[in-house]
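Asker: Spelled out from the first residue to the last, the chains are:
Protein chains: 2
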Amino acid sequence: MSVSNDLAAVGIDAISVYVPRLYVDLSAEWARVRAPEQGTDAATLTQKLTKGIGVRRMAIPDAHEDSATMAAMAAKRLIDGLALNLANIGYLVVGTETTVDQSKSIGAYVLGMLSRHYGMSLSHVGCPQIQFACIGTTYALEAAAALVRSGQLRGRSALVIATDIARYPKGDPGECTQGAGAVAMHISAAPRLLELDGLHWPSITVDERDFFRPNWSSEAVVDGQYSVDVYLDCLDRTLRASLEQHRPETAGRLLESQHFLFHTPFPRMAEHAAARLYRRLRALRGPHATLEPTASVREERTRDREVAKSDDFQAWFAKHCAPALRHISDVGNTYSGALYLSFASLVDGLGAAGRGGRVTFFSYGSGASAKLFTGSLASGGGDVLHVAEIAGVLADLDATGTVGRRRALSLAEYERLHDLHQQQSEARLEVAASVLPPRDEFALARFGTERSAQRVDVGYRYYDYVAAPRAVADVTPTARAEASLPEEAAWAQQ
Amino acid sequence: MSVSNDLAAVGIDAISVYVPRLYVDLSAEWARVRAPEQGTDAATLTQKLTKGIGVRRMAIPDAHEDSATMAAMAAKRLIDGLALNLANIGYLVVGTETTVDQSKSIGAYVLGMLSRHYGMSLSHVGCPQIQFACIGTTYALEAAAALVRSGQLRGRSALVIATDIARYPKGDPGECTQGAGAVAMHISAAPRLLELDGLHWPSITVDERDFFRPNWSSEAVVDGQYSVDVYLDCLDRTLRASLEQHRPETAGRLLESQHFLFHTPFPRMAEHAAARLYRRLRALRGPHATLEPTASVREERTRDREVAKSDDFQAWFAKHCAPALRHISDVGNTYSGALYLSFASLVDGLGAAGRGGRVTFFSYGSGASAKLFTGSLASGGGDVLHVAEIAGVLADLDATGTVGRRRALSLAEYERLHDLHQQQSEARLEVAASVLPPRDEFALARFGTERSAQRVDVGYRYYDYVAAPRAVADVTPTARAEASLPEEAAWAQQ
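In order, the protein sequence lines correspond to chains D and C.
All residue numbers for the first sequence refer to our numbering, where the first residue is 1 and numbers rise by one.
All residue numbers for the second sequence refer to our numbering, where the first residue is 1 and numbers rise by one.
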């Protein structure tokens, strides 16, 4: 069954993923130390994490990394890999719940990094930042798609970047669901990867307290089980709202989907969501072609669990959902990037030969908001697949330190990096020593410390591209400042 | 000269303003105390503020107010005044650089407040938050306009809300440019107030450090003079970029504008910007109909100042710019709301009889991004003017305390409210006593304090509508929690 689109064409032309080089191996030292703290042993804890929750490693940003550098790295891979002409980009929108500044947008920092790196002015680009927990990037995608469709971008395309760092307190039950990463997408009217179906897929919002982060805290407050309940309730609400909008088109597109992607803070969550959606789709396929009324939270979860155990569901899940989850367990939670990391995993796994068919996306952000939408995978389009490649991004460094890129942190290294985030203030404005010195990457070079007649910049983040390995101490603050401020330098020369 | 639009119609159907009831009178006690600290006397300081900077009063949120309550109040006025059917709203987007949470969007809190107040589900509304300093709301307007134009909202309209609190340290040179307020706008395909011109007006971005707010700070870091320079540079850049896009249409729309609105952190800034734009428009009107090359920052400012003194400019400014600035000096800086507070002032001042003609908006956000755009004032449309009315919003309470709504703070009251913002943490989660107890308004009712098996909500903001004056202590925490959580209560009853 194929349904024609009734809005102008737009979609995801290409996608790329960035993951920090450092990670915590949840089956090693971390588990040996945390297990007794939690009254268990390492083997049992590891089993619970890998089988129960589905996590194996969590990516941790180095001292010179933050949401802005990760976003710039994902964008750089996309730009280099596609040889994108940045003159044709009109909009760079960042979805995040890990901002680096409360006023300036991360996009503006990213634009500065890219502008200096590529040696070209990018002042023609609009750079807002969108926040709504883990659905922020979907709102960013929605805005970018609308700008392309409406003609407001005059034929230019857009970059949508998700960047987030999931942090919970050391020793907290949520600690094992940390993670970090960024995903960049090129959004255009002639997409080579996925064309969004031109229906109005409604966004739904309910005012909820399941997960939030007070302004004074660097760590989120999560009501774990409640958040799972709200997530599944929002899946039901958005499914009903979508069906109300355009039945039978919406039902048709969901039923004919070959691939189902879910917001995935941890892999087990995708299984819960898949069981719920499987039940609903089964009802839509049934003789009445309609959803049953929603029962109590408890009753719905009981039915989900029953279905989840069935052979039918497990075969369906393995075929239609699991391929997109391959890499989540090696990265951890990437918040607003998680759904799109799944999409990149799917695309990478299918390869050029396996592409085609319809994809259903379920986006969820605590607090809470959700959206279902679908799109068609372009067949062919192998020329953009190389930037979606993930195995190389996640490959461990080998013993020589020259092949691969990731390495495990000791518990002490991890805890030092974890503590860094709480320490910045006007009294402490130093970039701490990196575990792996920056190498061919954008890096936080220094914080501003001046409050004089000439310059006021206390706490400002200066970024730099570091082309080759070198000790941070080799670069004088002045040299770094100059290197990172060509716009301003040009200004001063006037 | 009239130019036809080539994008689908969309515009600002109506606008309303909310300003906190409390303010600091900058010519009274504040000036008497601060003047000697700054080595001057009160009369001289007041003269500098009123004549030099253009500020007279600054609005200060009460202890029960924050960006979310102000946004909800502005929205409520719009909804009540227009008898808006919320079932027809599909998108509620908030522009702010004063978020109340690092993950959840302010829009979701606002939606909850409105949903409970009007006793209806609003779960069909998408609620993202957009951040980029003072241009955030313009990006929100751009996204809302694109959603309406693209057809993605399926005929539904959008609410765009600006809400911000400008805070600087006590005794800081920027202290006198504080302020607070919210502006709500209804964006539709059949606007009764202003139709946006359907050209692509580009957003421009340069990576700048003129103003920012580190995550650890409740106050912005501003490089004052540098920020003025960047603002004017961005005005030039966006003007050139706009002319490059569509000449002669862009030039025509700017030249035929009767009203010019500028981002106005303080009224004098609008005069600087107006002088620059006046010079550029004069060149466009000249025999070469072109802009001269930009000179050095210093040289440009010198030419601006010369022009600013001229009778021609002053007459032009008084006629085409000043009417929109009438109320800014009584509110102070509203960051991302300032441009739209100017627009509301203009609309309110013109009345139904004086409406018509074209408006040029210049939006600027530090960090830095800018956008010029134009629109046509609908003639007539008097039926939406009552919600744009501002004099009543700003009227002082009379001696009986029953007529009017605003009152001046003593210095001690102001300083107590100022200090409150730094005090919240996991160890201090009380809503402090209000100066004026909430009355017919949305209010921050309490912070969550629980970390148990049943509920984890430490630091969560619970909001309530307070219909009549009452002591906050009269309401038990439990009663408040129930009153503010119908979604959750319904959930528990399942």
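Certain hints may be false.
To be verified - Rough simulated footprint, nothing fancy, chain D against chain C, three-plus residues with beta-carbon under 8 Å:
{"hint": "1", "stretch": "70-82"}
{"hint": "2", "stretch": "94-104"}
{"hint": "3", "stretch": "160-171"}
{"hint": "4", "stretch": "307-320"}
To be verified - A few chain C positions that, by computed beta-carbon distances, are all more than 12 Å from chain D:
{"hint": "5", "residue": "Gly107"}
{"hint": "6", "residue": "Ala140"}
{"hint": "7", "residue": "Pro202"}
{"hint": "8", "residue": "Val206"}
{"hint": "9", "residue": "His288"}
{"hint": "10", "residue": "Pro323"}
{"hint": "11", "residue": "Lys371"}
{"hint": "12", "residue": "Gly448"}
{"hint": "13", "residue": "Arg455"}
{"hint": "14", "residue": "Asp457"}
Please keep in mind that the hints were generated in silico from the structure rather than gathered at the bench.
Built from N, CA and C at the ideal position, the CB exists for glycine as well.
Asker: Given that the stretch 70-82 of chain C was listed as covered by chain D, double-check it with a C-beta distance under 8 Å for 3 or more residues.
Answerer: With 0 residues closer than 8 Å to chain D, the stretch 70-82 of chain C misses the three-residue bar; violated.
Asker: Gly107/C: least C-beta distance to chain D exceeds 12 Å?
Answerer: 7 Å, violated
Asker: Against chain D, does Ala140/C keep a CB gap of more than 12 Å to every residue?
Answerer: Since the minimum Cβ distance to chain D is about 8 Å, Ala140/C lies within 12 Å and the statement is violated.
Asker: Over 12 Å to the closest beta carbon of chain D is the bar; see if Pro323/C clears it.
Answerer: Non-interface label stands for Pro323/C: nearest chain D Cβ at 29 Å, farther than 12 Å.
Asker: Take a quick look at Lys371/C and tell me if its Cβ sits farther than 12 Å from every Cβ on chain D, holds or violated.
Answerer: 7 Å, violated
Asker: Would you check whether the claim that Arg455/C is not at the interface survives, using Cβ distances to chain D and the 12 Å cut-off?
Answerer: Violated, because the least Cβ-Cβ distance between Arg455/C and chain D comes to about 6 Å, which does not exceed 12 Å.
Asker: In terms of Cβ atoms, is chain D entirely out of 12 Å range of Asp457/C?
Answerer: Contrary to the label, Asp457/C does not stay out of reach of chain D, its closest Cβ about 5 Å off (not over 12 Å).
Asker: Just double-check His288/C for me: nearest Cβ-Cβ distance to chain D has to come out over 12 Å.
Answerer: The claim holds: His288/C sits with its nearest Cβ about 23 Å from chain D, beyond 12 Å.
Asker: Quick one: work out the minimum CB distance from Val206/C to chain D and report holds if it exceeds 12 Å, violated otherwise.
Answerer: Violated, since 5 Å does not exceed 12 Å.
Asker: Would Pro202/C pass as off the interface with chain D, using Cβ distances and a cut of 12 Å?
Answerer: Nearest chain D Cβ is 6 Å from Pro202/C, so the label is violated.
Asker: Under 8 Å between beta-carbons, do enough residues of the stretch 307-320 of chain C, three at least, approach chain D for the coverage claim to hold?
Answerer: violated (count 0)
Asker: Is it the case that Gly448/C keeps its Cβ farther than 12 Å from each residue Cβ in chain D?
Answerer: Non-interface label fails for Gly448/C: nearest chain D Cβ at 7 Å, not farther than 12 Å.
Checked against the numbered hints listed earlier, the structure breaks hints 1, 3, 4, 5, 6, 7, 8, 11, 12, 13 and 14; every other hint is satisfied.
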